[in-house]
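Given the sequences, and given the hints that come with them, work out the whole structure.
Residue numbers (UniProt numbering), protein chains in the order written: chain A, 1 to 566; chain B, 1 to 651.
Among the clues, some could well be false.
To give a feel for the contact side, a few chain A residues facing chain B, derived at Cβ under 8 angstroms [unchecked claim]:
#1 LEU91
#2 ASP287
#3 GLU291
#4 SER294
#5 THR301
#6 ASP318
#7 ILE330
#8 ASP343
#9 ALA346
Derived from the structure by calculation, the hints contain no laboratory data.
For each residue, glycine too, the CB sits at the ideal point set by N, CA and C.
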Amino acid sequence: MLSQTMSLLPVSHSVLAALGSSGLPKLIASSVSALHVRYQHSAISDDDELPDSRDREHKDPRLEKIEAIRQKAMLGGGEKRIQVQHKKGKLTARERLSVLLDPGSFLESGTFVEHRCRDFGMDKTSFSGDGVITGSGLIAGRPVFVYSQDFTVYGGSLSESHAAKICRLMDRAMKAGAPIIGLNDSGGARIQEGVMSLAGYTEVFQRNVDASGVVPQISCILGPCAGGAVYSPALTDFVFMVRNSSYMFLTGPDVVKSVTMEEVTQEELGGAEVHTTRSGVAQGAWDNELELLSAVRELVTYLPLNNRDKPPLYPSSDPDDRPCPTLDRIIPENAEVPYDMRDVLAEVVDDRYVFEMIPDFARNVISGFARLGGETVGVIANNPLVLAGVLDIDAAIKASRFIRFCDSFNIPLITFVDVPGFLPGTQQEHAGVIRHGAKLLYAYAEATVPKLAVITRKAYGGAYCVMSSQHLRGDVNLAWPSAEVAVMGSKGAIEVIFKGHSKESMDKEVAAYEEKFYTPLSAARHGFLDDVIAPRDTRARLIRELRLLKHKSVSRPWKKHGNIPL
Amino acid sequence: MPPAANAVDEAVCVGPAPALQSYLNIDAIIDAVKKTGARAVHPGYGFLSENAGFVDRLNEEGIIFVGPPASAIRALGDKVESKRIAKQAGLNIIPGFIGEIQDEPHALQVAAEIGYPVMIKASAGGGGKGMRIAWNESELKQEVIMAKAEAMSAFGNDTLLIEKFVEQARHIEFQVVGDHFGHMVYLPERDCSVQRRNQKVIEESPSPFISAEVRAAMGAQAVRLASAVGYNSTGTVEFVVDKHSNFYFLEMNTRLQVEHPVTEAVSGLDLVHLMLAIASNQRLDVTQERAAAINGAAVEARVYAEDPSRNFAPSPGLLKVYHEPEGPGIRVDSGVVEGSEISIYYDPMVAKVVTSGATRNQALARMESALDRFVVRGVTTNMPHVRSCIANPDFKAGHYDTSFIPKYYGGPDGLNPLAFPLTEHQQQDMFAAAVFTHVNRARRYDPKYLAGEDDVARLTLSWRDVHGNKLVPLDVVVRLAGLQMVGREGVAAGALEIQLPSRVAYVYSMRQPPGVVGKQAYNTYLRHMMVDGKPITVQVAKFIPRGVIMQYLGAQRELYIESPAAAALSQHMPAKSKASSHRVVRSPMTGTLVEVLVQHGSEVRLGDDLVVIEAMKMRNAIKADREGFVDEVFAKQGDVVSADQPLLKFW
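Written out as structure tokens, the structure reads:
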């Protein structure tokens, strides 16, 4: 990290100025903001009118001087470094903003901020903006606050003033009640600044926590993100990464090798693939930056601006009462045969689309955003296609974190249940499946947003209780005729109830047990299910129920905060 | 429950999915007949429909077979025998060797006598299965092996025939119907020349090629042959016709054929009804003049769950979305509904779309509309390909023969919908439709987007060709057109003026295309719109990151519509690497691995067969697309492999 940062230092102003004259106009046109609109305008009117007014504007030498600094800032670390960035398949900090935000909507602040370090020769160089661009903009017409680290300036390293810009931005976003999006591309701490840099990180962490549950926070990892730097994204709601060009780890391959003798590449240690399939650190992996940025734009359309806001309503032409005949035949006749719960979700939601979070991690549970009748919902579903849909540690963690996000931001929860129970075994038990499973229970029980659930097939044992059951104050609990609500599967149950009986009599009891519990009726008779519905009516029913819950309110006992079993 | 079983009064399960244990299991079927007290069996098109042994068993049991006598099936089912009979009956016979091929040297000798190209076919086969063409000796050697193996697995009999392969041939067939009283008629012909791998893809009636005289001559020969064998049901006499309208007898199928609805539409006769009436010993009350009368025109497109771009590999799976088109002159025969499974055990045919009209043009226009509105997702189908064939100017003009598909789709990526042809104007229509969809979506999310009268949206449309190469991006300017219309996008609907570099298009959306009667069910993938006063229907083939694959007239294009800034920056994005998976050979389809021809350390040349996968009764050789040494084989003979499953790895 040190060498990376140091090597970026010797760039003189003269180089920048020379580059500025050639490469500047194009860059401004493509990436810059409302502040520059008037220049474009004056360029258009060059030939025809108002020479006086133009002259007047340009005659103010104070403004000219300021604009010259601003224009230099547009180039970040200079053309050469921009080329290096491009060669790596990466965009510059400003280019990213131009793609992420609605055209012309970016309002920059802090353009003139510079670092204050006087050690190690740092006093000889300085870049306006100090390696991070901060400001606000619009995504589909709705406001967001963004910071974008500039790898071409000191490797995007975090200095005291760099951190202060981010903190200021976060403070403004909290006051304004708008999402915070971080575009991270940083070599790490500005080592020359020592503890100032560490202090800066920590100030950011504190604000991440303060903002948690107040405004949505989205982190995009678009380059290295190592050491302490990883903890800011880790504290945010969503982390998106780019395959093969972004990495997150606490200690890099060199240190890993010297300590544990393991040989590992950056990608293998902390690439997008690892974090979206094995560690669960990131929620999305994309093939390139444009795909990622387009996904962030999409994600924002599902979210409210803050915790007092409702998610936006985007009605589609997909009829609310569209029947789903496919669902009538989707449950295989043989209970041992799996089916893909994604197919169920596609039938139910608007335009068959679920924007899945972290789809390739703990695939036995699905979590994602969708719309029902135009309204954003958070979907959680067991997927019988993977491990028969069993709950395990990773699934519990994945689902509970998603549920808590939705609950924080007024997004109703729709749960599809087909779960045979928790995964048995020493591996799970010793790794604390009790503790982690409790998170899911806690998250459902704690959530006060509308909670709707549909049992499609199995709902066994503790897993039944956990999965948005009515006992956890589920608002609407529905089941398909194929639902089986029981403490356990028939064979196991009979072996316990009729221990020591002959095999024939047990077989008979199995049939009786299946008759009694392999149906939703037993639970429905107790009132634990609000209704048993034809699968084809699922969409229409959920939308109607959801509308009824529009003004749901729950008052909870006063507390500082709960103590979720972490 | 399959839909067919729901449609009948009584359904009986005849056994497990593999056909040998159920639909080909004669005992099981006889059991079902007895259980239900049925008096007759209609055998359908496949399975036991041309099995004389089955007819014998039914006769022994006193059960009526709805079809011809066993003797006729035997005589005509054997291609050698049928040729002898046909020759005796005075039919034109194709130059060839009458008799079975003993072995490879014999095949080479016979082929040398007839002259290349020659066609090799299974003597027990039908429907194009086991038919192969060889243009020279080395191809013949190879094809004989494949044909023998395929014939054995499909029919349990590996005897082969060889005959001259007629180039620029049209495949024209005549439906005949006869009763038990010696009355025999022919119906209007079907032109089945649009074929792939010798399997019919599009059939129409009447043929746009033959004259009334030729038709009458062919029909008369067909009747002569059927009468010669005492035929007393529906059957089809197939001919091959060369460019001078010389016709030769090919074979007779002693069953109802898949494409019979085409003839029903044109003749107005219900063939299944006639079969049942004849089987119950009624007289065929149709004169030859009435039977041969042509009322309008009809065309059939077969919809298969297969991927033409992967050499027509079967694509089994769940029909996640399945919307059949409806409308006047449109008939869709299928045995599936949304949510049905296309299994690996049977032929991959999903549906038959049959359209008819007063003229050929009307029938074709209805076919275009029907295929445009037929949405299937979950399995890959040949529908884009069929739709593209229908749009082909030569097809529209009736100028085609059996080389039609190789001719227009024979290039390296010719069968990939991304490479299907569109005229410049058609492509612009598609682009305008895509931009319209994109802008409407943006307006849905942001009510202020393009809301003002002076607002314009500047966009860049870029697309990739079939090789993934980026083509020159287009600048697009969009503004609201003065006219506001109500459309399917609901709140954000309105006509847009879409300025492409070479054209300005006015576009608005429609709930359904004009002329389509009745409320059309909503479908996420279907868009109807009016582009410059012309109604078009496009489908979203697939949503991809940042973009969309649009489908119009069967052709697909991978499109990216984004801000000019984003489009300009896309040049910096790294190319997607395919290298990592290239060393791994994956199964193109779900099926059974019937042969593994390489092992660890095998040296492989380009084009060598690696493994053979059998799926839906087809043997598919997986060929090496690179040279090198095999490192590891992941599957063994007899394994059932799924699509995309790794089979082996190169060093």
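Hint check, failures only: none
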